[in-house]
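Could you slot chains P and Z onto chain D? The hints should help.
Chains as they are written, first to last, in our numbering: chain D, 40 to 308; chain P, 2 to 265; chain Z, 28 to 357.
It should be emphasised that the hints constitute simulated quantities derived from the structure, not laboratory data. All C-beta atoms in this analysis are idealised placements derived from N, C-alpha and C, irrespective of residue type, glycine included. Be aware that one or more of the hints could be misleading.
[Said to hold, decoys possible] Computed footprint of chain P on chain Z, listed as stretches where at least three residues anywhere in the stretch have a Cβ under 8 angstroms from a Cβ of chain P: (1) 90–100; (2) 114–127; (3) 153–164; (4) 185–194; (5) 200–213.
[What the hints assert, rightly or not] Examples of chain P residues lying across from chain Z (beta carbon under 8 angstroms, computed): (6) L117; (7) G121; (8) R213; (9) P217; (10) L218.
[Unchecked claim] Here are the computed lysine-lysine pairs in the DSSO-like style, where the Cα-Cα straight-line distance is at most 30 angstroms: (11) K330(Z) with K55(P); (12) K171(P) with K119(D); (13) K259(Z) with K40(P); (14) K104(Z) with K259(Z); (15) K124(D) with K171(P); (16) K32(Z) with K40(P); (17) K40(P) with K330(Z); (18) K104(Z) with K40(P); (19) K324(Z) with K40(P); (20) K277(Z) with K324(Z); (21) K104(Z) with K288(Z); (22) K131(D) with K171(P).
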Amino acid sequence: MGTGSCNIVTETLTLSGVSKTFDARSPLRVIQDIDLSIREGEFVSLIGPSGCGKSTLLAILAGLLEPTSGTVRSADHPDKTLLGKIAYMPQKDLLLPWRSLLDNTIIGMEFGGWDRSTSRARALRLFPTFGLAGFEDYYPAHVSGGMRQRAAFLRTLLTDRSILLLDEPFGALDALTRANLQAWLLNLWESLETTIVLVTHDIEEALLLSDRICVMTERPGRIKEIITVPWDRPRTFSIVTAPEFTALRRTLLNSLYADQPFSPSEDSR
Amino acid sequence: MKPRTRLFDFSIIWLSLIGLTLIALWEGLVFAFDIPQWKLPAPSDIGVELLHSKNLLIFHTWVTLQEIIIGFSVALSTGVFLAILISYYRAVGRLVYPIVIASQTIPIIVIAPLLLIWVGYGLTPKIIVVTLVAFFPIVVNTVDGLRSVDLEMINLMRTLGATRWQIFTKIQIPSSLPFLFSGMKVGATLSVIGAVIGEWVGSNAGLGYLTRMSVPLFLTSRSFAAVLILSVLGVGIFLLASLLERALLPWHHRNNKMNLDSKD
Amino acid sequence: MRQHKGMLLTLLMLVSVISLSCGEDEVTLALDWFPNANHTGLYVAMDRGYFEEEGIELQVYTPDDPATILATVGADKDDFGFEYQVGVLLARGQGVPVVSVAAIVQHPLNSVMALESSDIKRPRDLVGKTVGYPGIPTDPPLLRTMLEADHVSESATQEVVDGMVNVGFDLVPALISGRVDAIVGAYWTHESISARNQGFPLTVLRMEDWGVPDFYELVVVVSENKLRNDPKLIERFIRAIKRGYVEAAKDPASAVEILLKQVPEADPAIDRPGSALLAPLWVEEGIPSFGWQTTEKWSAMAKWMQNNDFLTSDLRAADAFTNHFIEQSE
Numbered sequence: 040m041g042t043g044s045c046n047i048v049t050e051t052l053t054l055s056g057v058s059k060t061f062d063a064r065s066p067l068r069v070i071q072d073i074d075l076s077i078r079e080g081e082f083v084s085l086i087g088p089s090g091c092g093k094s095t096l097l098a099i100l101a102g103l104l105e106p107t108s109g110t111v112r113s114a115d116h117p118d119k120t121l122l123g124k125i126a127y128m129p130q131k132d133l134l135l136p137w138r139s140l141l142d143n144t145i146i147g148m149e150f151g152g153w154d155r156s157t158s159r160a161r162a163l164r165l166f167p168t169f170g171l172a173g174f175e176d177y178y179p180a181h182v183s184g185g186m187r188q189r190a191a192f193l194r195t196l197l198t199d200r201s202i203l204l205l206d207e208p209f210g211a212l213d214a215l216t217r218a219n220l221q222a223w224l225l226n227l228w229e230s231l232e233t234t235i236v237l238v239t240h241d242i243e244e245a246l247l248l249s250d251r252i253c254v255m256t257e258r259p260g261r262i263k264e265i266i267t268v269p270w271d272r273p274r275t276f277s278i279v280t281a282p283e284f285t286a287l288r289r290t291l292l293n294s295l296y297a298d299q300p301f302s303p304s305e306d307s308r
Numbered sequence: 002m003k004p005r006t007r008l009f010d011f012s013i014i015w016l017s018l019i020g021l022t023l024i025a026l027w028e029g030l031v032f033a034f035d036i037p038q039w040k041l042p043a044p045s046d047i048g049v050e051l052l053h054s055k056n057l058l059i060f061h062t063w064v065t066l067q068e069i070i071i072g073f074s075v076a077l078s079t080g081v082f083l084a085i086l087i088s089y090y091r092a093v094g095r096l097v098y099p100i101v102i103a104s105q106t107i108p109i110i111v112i113a114p115l116l117l118i119w120v121g122y123g124l125t126p127k128i129i130v131v132t133l134v135a136f137f138p139i140v141v142n143t144v145d146g147l148r149s150v151d152l153e154m155i156n157l158m159r160t161l162g163a164t165r166w167q168i169f170t171k172i173q174i175p176s177s178l179p180f181l182f183s184g185m186k187v188g189a190t191l192s193v194i195g196a197v198i199g200e201w202v203g204s205n206a207g208l209g210y211l212t213r214m215s216v217p218l219f220l221t222s223r224s225f226a227a228v229l230i231l232s233v234l235g236v237g238i239f240l241l242a243s244l245l246e247r248a249l250l251p252w253h254h255r256n257n258k259m260n261l262d263s264k265d
Numbered sequence: 028m029r030q031h032k033g034m035l036l037t038l039l040m041l042v043s044v045i046s047l048s049c050g051e052d053e054v055t056l057a058l059d060w061f062p063n064a065n066h067t068g069l070y071v072a073m074d075r076g077y078f079e080e081e082g083i084e085l086q087v088y089t090p091d092d093p094a095t096i097l098a099t100v101g102a103d104k105d106d107f108g109f110e111y112q113v114g115v116l117l118a119r120g121q122g123v124p125v126v127s128v129a130a131i132v133q134h135p136l137n138s139v140m141a142l143e144s145s146d147i148k149r150p151r152d153l154v155g156k157t158v159g160y161p162g163i164p165t166d167p168p169l170l171r172t173m174l175e176a177d178h179v180s181e182s183a184t185q186e187v188v189d190g191m192v193n194v195g196f197d198l199v200p201a202l203i204s205g206r207v208d209a210i211v212g213a214y215w216t217h218e219s220i221s222a223r224n225q226g227f228p229l230t231v232l233r234m235e236d237w238g239v240p241d242f243y244e245l246v247v248v249v250s251e252n253k254l255r256n257d258p259k260l261i262e263r264f265i266r267a268i269k270r271g272y273v274e275a276a277k278d279p280a281s282a283v284e285i286l287l288k289q290v291p292e293a294d295p296a297i298d299r300p301g302s303a304l305l306a307p308l309w310v311e312e313g314i315p316s317f318g319w320q321t322t323e324k325w326s327a328m329a330k331w332m333q334n335n336d337f338l339t340s341d342l343r344a345a346d347a348f349t350n351h352f353i354e355q356s357e
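So here's chain D without its partners, still in its complex pose:
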């Protein structure tokens, strides 16, 4: 378990020496020298303390920010910018309040030139899978937070991108709903063929869902360690109670809090 890239099969997204400095009153270097290769169909998590730049990194991957130095190369789109080619799901659901749930999910397709009725039909077929059946015509304000997140996820998915970036998608939800959605995502992802990069605060979430976990340092964020999650797929939620899970969680905790003066002990969680 060390840093460095692994050379297996097709690499779909490669980051080389990516750094980002924001020109505020005094320059703020947020991330530094990120080297990362993400494989096709992989589920990678980014985890780290607050301010380590994970969201910035995700924004760069989404094409919303340019790195100050270094490159991001996509195998599918070698020459063009990544903006609009990679699916991005921010922390807030950002559903449009004036559109029904159904019309919210199809907005990506509308931008792409699809006509409304085809888009609606396609989205509607997936509503049961996303637990939204029967709520197509409801406004976002009238449904629960969990449903809004699922609708946002569906919106992201319907854009048919091969790479999905998820920025703490379940952060705003309560623990029970979160667990619910984690299980649901786990289940769903197995049937999808996308690459997912997930940013999260939740150690268990990372362990449950990912193939690899990149641990980041404090600002300026570097990749401290990349941990491979060894369990087979398909996984079920029950893995969280297995002893291997607890062991790996300990490792991950230590890695995260190695430099901290007061590191939490595993018992007090």
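Okay, now just chains P and Z, sitting in the frame of chain D:
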């Protein structure tokens, strides 16, 4: 989970009770102190005038109403057009917006007589005054509304592949509608005052003209009656705009919001 | 509320009348318009201290809406007012208790005017033309009377009167710009001079030449209340102002310079010729004194107003004025 809309609150009943009490008090004061009509008409005097001069009042109300409706329509279209122009074409906006603001600093009292000389008499100068007065809140509010979209939202849409125009039409414009309606409500009520001011100089008809004429003739009851009608017009227009808002923006009305985060 | 203020003010004035020996009275005078040649005598009296001699500290102002003067005087909010005779009758018709105590201008100044270059030389030339007026409700009937005096048919008269346009108080610009063919409601001692100064001499049709009863253009009004309770104050005021106008009538040229000195925003090019024209109307040959009013003139005007539905028939014109104070000030 069907949302319920309550159009009539119990506050309407309270309002009516308070209103009736005030009117009774007013009537009593005039009676007790024997106040002559030319100083302060009693509500009963105003009521009599309303009945007695019904046709006259209806005629003049219709004139003013025309000025309000046409003027406000022009204000609405001009206002929205300008707001879109200012927001979408930034360079143009930097030129146009200050001019729009400056237009409001010119006192209408000064402009109205000049309008007569430039444009002539009839409905046109009054409509111009109404437009001048009403378009400003519409522009300002709509521009604010178009700018009110979070950067996060815009970024998200960009990742979904939206062009600048698509973001403007599908995100910014719908976002701005609640703001537009705020501006409309203010503008609509200002239209009433605008029509009266426009009629102050150079008119032969309308409620503003009527109030003006009634002063030298000491027909104070008539002035009050006209003012009462103007108030009713103002409130009515405001209510109309509010109803329209509720109808067109069902997702926005606060009463309909329900928080169901506990359920799924 | 106003009733309370009125009572308080009356009380204050009663107290001040009783303590007359202790210093000056503060007196307000509301002017019919911004200070102009019509007010020359007033400013002479102020400048030469005639009011102070009578123990009066005079505050002069022009209200935003001159139409309110009769109401403020009637309610004792203002002590004195300059007003139009027509207005006094209208007010009394509505129960406003005001009385005229002196006539400042003995004859009408209100006239019909048109560009000299036009072909309007008499009322009947107005048929088919547009006439502008300042929105004062008595102007259309005055025009009607003039048309009738020139034997214009009923239908043509009605057409002209119906087609009158309210141009506000900017009468001369409306006329010069051609927006209207003629104007009424302007003074032949003011607007005609103004237009001539701008290069547009005007034809003037005087009202009293065309069937309108000769009326007083400007009078001094007080409330009935003051008549009853403080006639001494009125006497003193009239004495002072009469001196001012008599001296102004004797030497209008010097008098107007006093006006212009005190009122820098006045237009000398209008007020200098204006005061010369007005002087014979302040102190006229053949009347007993400045400020004199006759029952004939008041009754004739009242009758005209009754015929034009401005008044009901039970108004006693004689109650609207008094010469008492003019007589007292001999």
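Evaluation of the provided hints:
{"no.": "1", "hint": "90–100", "in the structure": "holds (count 5)"}
{"no.": "2", "hint": "114–127", "in the structure": "holds (count 7)"}
{"no.": "3", "hint": "153–164", "in the structure": "holds (count 3)"}
{"no.": "4", "hint": "185–194", "in the structure": "holds (count 4)"}
{"no.": "5", "hint": "200–213", "in the structure": "holds (count 4)"}
{"no.": "6", "hint": "L117", "in the structure": "6 angstroms, holds"}
{"no.": "7", "hint": "G121", "in the structure": "7 angstroms, holds"}
{"no.": "8", "hint": "R213", "in the structure": "7 angstroms, holds"}
{"no.": "9", "hint": "P217", "in the structure": "4 angstroms, holds"}
{"no.": "10", "hint": "L218", "in the structure": "6 angstroms, holds"}
{"no.": "11", "hint": "K330(Z) with K55(P)", "in the structure": "29 angstroms, holds"}
{"no.": "12", "hint": "K171(P) with K119(D)", "in the structure": "25 angstroms, holds"}
{"no.": "13", "hint": "K259(Z) with K40(P)", "in the structure": "27 angstroms, holds"}
{"no.": "14", "hint": "K104(Z) with K259(Z)", "in the structure": "18 angstroms, holds"}
{"no.": "15", "hint": "K124(D) with K171(P)", "in the structure": "20 angstroms, holds"}
{"no.": "16", "hint": "K32(Z) with K40(P)", "in the structure": "12 angstroms, holds"}
{"no.": "17", "hint": "K40(P) with K330(Z)", "in the structure": "26 angstroms, holds"}
{"no.": "18", "hint": "K104(Z) with K40(P)", "in the structure": "12 angstroms, holds"}
{"no.": "19", "hint": "K324(Z) with K40(P)", "in the structure": "29 angstroms, holds"}
{"no.": "20", "hint": "K277(Z) with K324(Z)", "in the structure": "25 angstroms, holds"}
{"no.": "21", "hint": "K104(Z) with K288(Z)", "in the structure": "29 angstroms, holds"}
{"no.": "22", "hint": "K131(D) with K171(P)", "in the structure": "19 angstroms, holds"}
When each numbered hint is compared with the structure, no violation occurs for any of them.
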